[in-house]
Amino acid sequence: MAAPATLFDKIWSSHAILVRPDGATLLHIDRHFIHDGSGNAFRMLKEKGLAVRRPDRTFATPDHYVSTLGHDLASINEPHRRGVVEELEANAKAAGLTLFGLSDRRQGIVHVVGPEQGLSQPGMIMVCGDSHTATHGALGALAFGIGASEVGHVLATQTLWQRKPKNMRIVIDGMLADGVHAKDVILAIIARIGTAGGVGHVIEYAGSTIRAMGIEGRLTICNMSIEAGARAGMVAPDDTTFAYLHGRPYAPKRADWDAALAHWGSLPSDADAQFDREMHLDATEIAPMVTWGTSPEAAAPITERVPDPATAPDAARRDSIERALAYMDLRPGTPLTEIAIDRVFIGSCTNSRIEDLRAAAKVLDGRRVVVPAMAVPGSGLVKAQAEAEGLDAIFKRAGFEWRESGCSMCVGMNGDLVAPGERCASTSNRNFVGRQGKGARTHLMSPAMAAAAAIAGKLTDVRQFATRP
Amino acid sequence: MEPFLRLDAAAVPISAPNIDTDQIIPARFLWRKRRDGFGHLLFHDLRFNDGGAPKPDFVLNREVYRDARIVVADRNFGCGSSREHAVWALYDYGIRAVVAPSFGDIFFNNSFQSGLLPAVLRAERVAALRALLEQSPGSHVAIDLEAQTVTGPDGAIDRFEIEPFRKECLLAGTDDISFTLGHRQRIAEFESAYEAKLRWL
Chain C
1 MAAPATLFDK
11 IWSSHAILVR
21 PDGATLLHID
31 RHFIHDGSGN
41 AFRMLKEKGL
51 AVRRPDRTFA
61 TPDHYVSTLG
71 HDLASINEPH
81 RRGVVEELEA
91 NAKAAGLTLF
101 GLSDRRQGIV
111 HVVGPEQGLS
121 QPGMIMVCGD
131 SHTATHGALG
141 ALAFGIGASE
151 VGHVLATQTL
161 WQRKPKNMRI
171 VIDGMLADGV
181 HAKDVILAII
191 ARIGTAGGVG
201 HVIEYAGSTI
211 RAMGIEGRLT
221 ICNMSIEAGA
231 RAGMVAPDDT
241 TFAYLHGRPY
251 APKRADWDAA
261 LAHWGSLPSD
271 ADAQFDREMH
281 LDATEIAPMV
291 TWGTSPEAAA
301 PITERVPDPA
311 TAPDAARRDS
321 IERALAYMDL
331 RPGTPLTEIA
341 IDRVFIGSCT
351 NSRIEDLRAA
361 AKVLDGRRVV
371 VPAMAVPGSG
381 LVKAQAEAEG
391 LDAIFKRAGF
401 EWRESGCSMC
411 VGMNGDLVAP
421 GERCASTSNR
431 NFVGRQGKGA
441 RTHLMSPAMA
451 AAAAIAGKLT
461 DVRQFATRP
Chain E
1 MEPFLRLDAA
11 AVPISAPNID
21 TDQIIPARFL
31 WRKRRDGFGH
41 LLFHDLRFND
51 GGAPKPDFVL
61 NREVYRDARI
71 VVADRNFGCG
81 SSREHAVWAL
91 YDYGIRAVVA
101 PSFGDIFFNN
111 SFQSGLLPAV
121 LRAERVAALR
131 ALLEQSPGSH
141 VAIDLEAQTV
151 TGPDGAIDRF
161 EIEPFRKECL
171 LAGTDDISFT
181 LGHRQRIAEF
191 ESAYEAKLRW
201 L
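Chains as they are written, first to last, in the numbering used here: chain C, 1 to 469; chain E, 1 to 201.
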């Protein structure tokens, strides 16, 4: 009998083509997603005179540079941005890749499109030149971000050299309180273990909270594994996974479905599998979270105050809090609920799916925002679904701008920027210095919390809104 | 990329943890082509004010560090996005090695692909190196990749670990694609067996 193995071990060993004497493993890649930041990788390939080895395993969609004002090339009015989107489309056509382009409603943020199309499946190894590729691990896949040279390597060989990371399991048990969402869970985890807490590890999220969670919540949690420093995050496939995948365009059909199901059922970690690290979290203790600093680990329950550097455990920590508070223009001891905001962004590969939009709309219904706010659905299909449910009308009546799909203000590469000095309540994944624009101040939170902030004009506890009609 | 053998050069201390790739190179410059170079954009918003003039208080702008080719950083250097531009910006600027207690995973992998050596030393030693460099700005650190050693301005020698294959690639100034292509046959055999078993893929 085989030794007990984790979900990650099983996927790793089934994809190992060969092992180098120094221990690095050549892995087969099942799916490679590319976006409009892949121009340099294609040029590298051309310079070496190499072709794309497996066009059938490579899927392209533009997301970082697309306009959210119109779903077409003409709406991108800066030549350098339009240029990279055109380049992606040309590269995809030349190599015979499947392209979800701007003339296609299936276009969207690559980490929204993959699961939505049923391209992301249990047991796969998936890569993309984007650090948030860990998102797809929610379906029981091993998915991680790579750099441009590695994108070139995968295009040319459909393989990648990797050293095997370690296994870490985070077990979350209990029921989440009303107003507490997947985003709060992952922010609570990162606040606990730090942005380097998962370095060198692949995290498996487990426990009753995760089992009870839908796929979209799991996608949000796995998405921010990189903010905990981990190479990837994953959730064992279960009936929720299978129900989510069934009938999606690229999911297996008929006899293939039954064969796939049998395979997927064998993937979850064995009961006696060993993890190098393990951590437990009580879901009932998690409150709605917001960040106050310039790193995702600078997160706290909304009921708390801005920390005082004077009480930091050491000098390095004190310096880092002082620098963060100076950039964020915050005073120690200020209640988080007294932080006034200038703008709200609901979107990004972390929180732009239909359940995110529903959660925000539930808070916004019948209310008005007091600051500029925009909602950016994660794909053309999410947008269409939201419109079919009338969510767009709720957003617009509340005073939100209702935009076209793309990465948008999470990273601002398409020109959707937070102005210098402005403070933004954002459902994205990074609050780094200058992330949403030069001098921009970012507070990360869930879609429900961002909606509540838009109404109150300040960071606020969404649970105050939950009981009202 | 140039082969990396031995380097004896001025080292610049960057004394903050979690220097993310957005700080190493802001997202608004990523659309540019590799061949056009990214060195002038390294640490752009830390290095230049709104008018484009160098900020005198940023360490890299001090005259004494003009020829620096090594960065001595703090923990989790290069965390954040997968942009290889962060490595290209350092490399094009002239930096050939970063010494730190730990690195962001993807940045660490990207470094080897583009000829930048990320050397991990104990946190206490890296902090001591930064302190030495701050006391005597412009002093040299020597790195010998063959011997896997970092020699500080105090003459103390520390050994760092590196995977043998990655070491060879850096020493030769090559990436790993041609090596992998040498295994075409194995890759093809794996694919047929794998796809016969998981036929829905």
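Quick caveat, the hints were computed from the structure, so don't treat them as lab data. Idealized CB from N, CA, C, for every residue including glycine. Don't take each hint at face value.
[Stated by the list, open to error] Calculated from the model, a selection of chain C residues having no Cβ within reach of chain E, i.e. all distances over 10 Å:
id: 1; residue: S14
id: 2; residue: P21
id: 3; residue: Y65
id: 4; residue: H246
[What the hints assert, rightly or not] Partner residues are not named here, just some residues of chain C that face chain E (Cβ under 8 Å, in silico):
id: 5; residue: G37
id: 6; residue: V84
id: 7; residue: G229
id: 8; residue: F242
id: 9; residue: L261
id: 10; residue: G265
id: 11; residue: L330
Would you settle whether the hint for L261 of chain C is holds or violated, based on the nearest Cβ-Cβ distance to chain E being less than 8 Å? 10 Å, violated
Agreement of hint G265 of chain C with chain E interface, Cβ distance less than 8 Å: Violated, about 14 Å.
Are all C-beta atoms of chain E more than 10 Å from that of H246 of chain C? Non-interface label stands for H246 of chain C: nearest chain E Cβ at 13 Å, farther than 10 Å.
Double-check F242 of chain C for me: the hint is only fine if its C-beta lies closer than 8 Å to a C-beta in chain E. Since the shortest Cβ distance to chain E is 14 Å, the answer is violated.
Interface hint compliance - G37 of chain C to chain E, C-beta minimum distance less than 8 Å: With a closest approach of 6 Å, the G37 of chain C hint holds.
Hinted contact L330 of chain C with chain E - closest CB pair below 8 Å: 18 Å, violated
Is the hint on G229 of chain C kept, meaning its closest Cβ partner in chain E is under 8 Å away? 7 Å, holds
Return the status of the interface hint for V84 of chain C: holds when the least beta-carbon distance to chain E is below 8 Å, violated otherwise. With Cβ-Cβ at 5 Å, under 8 Å, it holds.
Mind verifying the non-interface call on S14 of chain C? Its CB should be farther than 10 Å from each CB in chain E. Not fine: 8 Å to the nearest Cβ puts S14 of chain C too close to chain E.
Just want to verify: Y65 of chain C was marked as not at the interface with chain E; is every Cβ pair farther apart than 10 Å? Non-interface label on Y65 of chain C violated, nearest chain E Cβ at 7 Å vs cutoff 10 Å.
Is the claim that P21 of chain C lies outside the interface with chain E correct, judged by CB distances over 10 Å? At about 7 Å from chain E, P21 of chain C fails to clear the 10 Å cut-off, so the statement is violated.
Hint violations for this structure: numbers 1, 2, 3, 8, 9, 10, 11, all remaining hints satisfied.
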